[in-house]
Amino acid sequence: MNKTKILLIIPAYNEEDNILKINNSIKEFNKKNKTNYDVIVINDGSKDKTGEILDKEKISHIDLIHNLGIGGAVQTGYKYAFYNNYDIAIQFDGDGQHDINYVSKLIDPILKNKADFVIGSRFIDNISTFKTSFSRRIGIRIISSFIHLFARVKVYDTTSGFRACNKEIINLFAISYPLEYPEPITTVELVKRGYRIKEVGVNMNERQGGVSSIHAWKNAYYMLNVCLSIIVASTRRYK
Amino acid sequence: MNDKLIITVIIFALVLFFFVFQLLRKGRIPVKYALVWLFAVIIIFITSIIPDLMENLAKMLGFELLSNMVLCIFITVLIFVTIILTVMMAGQKKKTTLLIQELSILKAELEKKK
Numbered sequence: 001m002n003k004t005k006i007l008l009i010i011p012a013y014n015e016e017d018n019i020l021k022i023n024n025s026i027k028e029f030n031k032k033n034k035t036n037y038d039v040i041v042i043n044d045g046s047k048d049k050t051g052e053i054l055d056k057e058k059i060s061h062i063d064l065i066h067n068l069g070i071g072g073a074v075q076t077g078y079k080y081a082f083y084n085n086y087d088i089a090i091q092f093d094g095d096g097q098h099d100i101n102y103v104s105k106l107i108d109p110i111l112k113n114k115a116d117f118v119i120g121s122r123f124i125d126n127i128s129t130f131k132t133s134f135s136r137r138i139g140i141r142i143i144s145s146f147i148h149l150f151a152r153v154k155v156y157d158t159t160s161g162f163r164a165c166n167k168e169i170i171n172l173f174a175i176s177y178p179l180e181y182p183e184p185i186t187t188v189e190l191v192k193r194g195y196r197i198k199e200v201g202v203n204m205n206e207r208q209g210g211v212s213s214i215h216a217w218k219n220a221y222y223m224l225n226v227c228l229s230i231i232v233a234s235t236r237r238y239k
Numbered sequence: 001m002n003d004k005l006i007i008t009v010i011i012f013a014l015v016l017f018f019f020v021f022q023l024l025r026k027g028r029i030p031v032k033y034a035l036v037w038l039f040a041v042i043i044i045f046i047t048s049i050i051p052d053l054m055e056n057l058a059k060m061l062g063f064e065l066l067s068n069m070v071l072c073i074f075i076t077v078l079i080f081v082t083i084i085l086t087v088m089m090a091g092q093k094k095k096t097t098l099l100i101q102e103l104s105i106l107k108a109e110l111e112k113k114k
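Keeping their order, the protein sequence lines are chains A and B.
Residue numbers 1 to 239, in our numbering, belong to the letters of the first sequence in order.
Residue numbers 1 to 114, in our numbering, belong to the letters of the second sequence in order.
Treat the hints as calculated values from the structure; they're not laboratory data.
Accuracy of the hints is not assured; some may be wrong.
Below, a list of computed lysine to aspartate or glutamate pairs in the DMTMM-like style, where the Cα atoms sit at most 25 Å apart [to be verified]:
(1) B:114 x A:57
(2) B:107 x A:55
(3) A:56 x A:87
(4) A:167 x B:3
(5) A:167 x A:57
(6) A:34 x A:63
(7) A:198 x A:63
(8) B:107 x A:57
(9) A:105 x A:57
(10) B:107 x A:108
(11) A:49 x B:102
(12) A:198 x A:38
(13) B:107 x A:63
(14) B:107 x A:87
(15) A:56 x B:111
(16) B:107 x A:28
(17) B:94 x A:63
(18) A:58 x B:109
(19) A:31 x A:48
(20) A:58 x B:111
(21) A:3 x A:125
(22) B:113 x A:55
(23) B:94 x A:180
(24) A:114 x A:38
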């Protein structure tokens, strides 16, 4: 296990309330379980004290010189993973929604070479007590059926930001990563490229503080964008 | 086309020409991007000098009025120019994102070494 280099990519935008807590929980977890998950926080031009906290607590991080949005921030993490030769990268939200105890479950299929890409799902195995609001669930279900229709793969938690990938996909994401609506789009792209995708049940918490970056959720415009992007992504040719 | 309209069109073409030429002189736009507008000026000039040409063309293409055809052409050209601009803007955004990412990673590396 110690030979495999594992990185947690934590995108953070105005997460002064959460970021230290999350870093401490990861440190504790590493100590308790003798794991060595590395952390890279991508500070996406936060306007609050997130940057100060990262500096003061000496948490490994990259300050983006300008706000890029979630897609651009996460891709920066994949680039970092690529440059530093990591074997597995895990996307881990900076708002306290994701549970560090499930990282091992997430990377298990990759370590056993049974999957290239693993999505942590709220809707599998009934582990997660928090399943988000009704309107979001409907949105997620619509996206899910769109992905099923166009990529012929069943993914339940299509917008989950708790995802792990192997080295090959790190290299791919470092070069090309969708800046808008990255979660559903990458799923379609990876399926089209022939990678093995697996969804595992994880626990997710309600946000511990701050404001979710996806407030466009209830918006029909958002749904239209995502659905159209899925169609476009599925018609592209991949080598 | 009556004489008054011809004069109006020529004045319009001249204004457009001097506007674009001024932008070029001040270095606000490169020749590459000004060409399309200079080309437009030339077309407008030719059509205003030889009005019969346009009248016949409009009749041939089934336009009842010459002005309808002119408007139609203008709108089509503008739509294409806008789409091309959107493509260029998207390309710029991609490049800016790449720059921000790589520069931020470099900066973080530098600070670590300090």
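Tested hints:
As the CA atoms of residue 114 of chain B and residue 57 of chain A are separated by approximately 16 Å, the hinted pair is consistent with the 25 Å bound. Our distance criterion of 25 Å between C-alpha atoms is met by residue 107 of chain B and residue 55 of chain A, whose separation comes to about 13 Å. As the CA atoms of residue 56 of chain A and residue 87 of chain A are separated by approximately 29 Å, the hinted pair breaks the 25 Å bound. Our distance criterion of 25 Å between C-alpha atoms is broken by residue 167 of chain A and residue 3 of chain B, whose separation comes to about 73 Å.
The suggested pairing of residue 167 of chain A with residue 57 of chain A is violated, with an alpha-carbon distance near 29 Å, which exceeds 25 Å. Taken as a hint, the residue 34 of chain A and residue 63 of chain A pair is broken in the structure, with Cα atoms around 29 Å apart against an allowance of 25 Å. For the suggested pair residue 198 of chain A and residue 63 of chain A, the alpha carbons sit about 32 Å apart, so the restraint of at most 25 Å is broken. Restraint check for residue 107 of chain B and residue 57 of chain A: satisfied, since their Cα atoms lie roughly 18 Å apart, inside the 25 Å limit.
A threshold of 25 Å between alpha carbons decides the hint, and for residue 105 of chain A with residue 57 of chain A the separation of about 28 Å lies outside it, so the pair is violated. For the suggested pair residue 107 of chain B and residue 108 of chain A, the alpha carbons sit about 34 Å apart, so the restraint of at most 25 Å is broken. Taking the CA atoms of residue 49 of chain A and residue 102 of chain B, the gap is near 23 Å; set against the 25 Å cutoff, the hint holds. Simply put, residue 198 of chain A and residue 38 of chain A have alpha-carbon atoms about 23 Å apart, close enough for the 25 Å limit, and the pair holds.
Annotation: proposed proximity of residue 107 of chain B to residue 63 of chain A holds, straight-line Cα distance about 8 Å (limit 25 Å). For the suggested pair residue 107 of chain B and residue 87 of chain A, the alpha carbons sit about 24 Å apart, so the restraint of at most 25 Å is met. Pair hint residue 56 of chain A plus residue 111 of chain B holds up; C-alpha atoms about 13 Å apart against a cutoff of 25 Å. Proximity of residue 107 of chain B to residue 28 of chain A is assessed by CA-CA distance (about 29 Å); at most 25 Å being required, the pair is judged violated.
For the hint pairing residue 94 of chain B with residue 63 of chain A, the CA-to-CA distance comes to about 19 Å; that is within 25 Å, so the pair holds. Between the alpha carbons of residue 58 of chain A and residue 109 of chain B the distance comes to roughly 14 Å, so the proposed pair stays at or under 25 Å and holds. Taking the CA atoms of residue 31 of chain A and residue 48 of chain A, the gap is near 30 Å; set against the 25 Å cutoff, the hint is violated. For the given pair, residue 58 of chain A sits about 11 Å from residue 111 of chain B by alpha-carbon distance, which is consistent with the 25 Å threshold.
With a C-alpha separation of about 31 Å, the suggested pair residue 3 of chain A and residue 125 of chain A falls outside the 25 Å cut-off, and the hint is violated. With a C-alpha separation of about 14 Å, the suggested pair residue 113 of chain B and residue 55 of chain A falls inside the 25 Å cut-off, and the hint holds. Of the pairs offered as hints, the one joining residue 94 of chain B and residue 180 of chain A holds, with about 12 Å between alpha carbons and a cut-off of 25 Å not exceeded. Among the hinted pairs, residue 114 of chain A with residue 38 of chain A is consistent with the structure: their alpha-carbon atoms are about 23 Å apart, no more than 25 Å.
In summary, the numbered hints that this structure violates are 3, 4, 5, 6, 7, 9, 10, 16, 19, 21.
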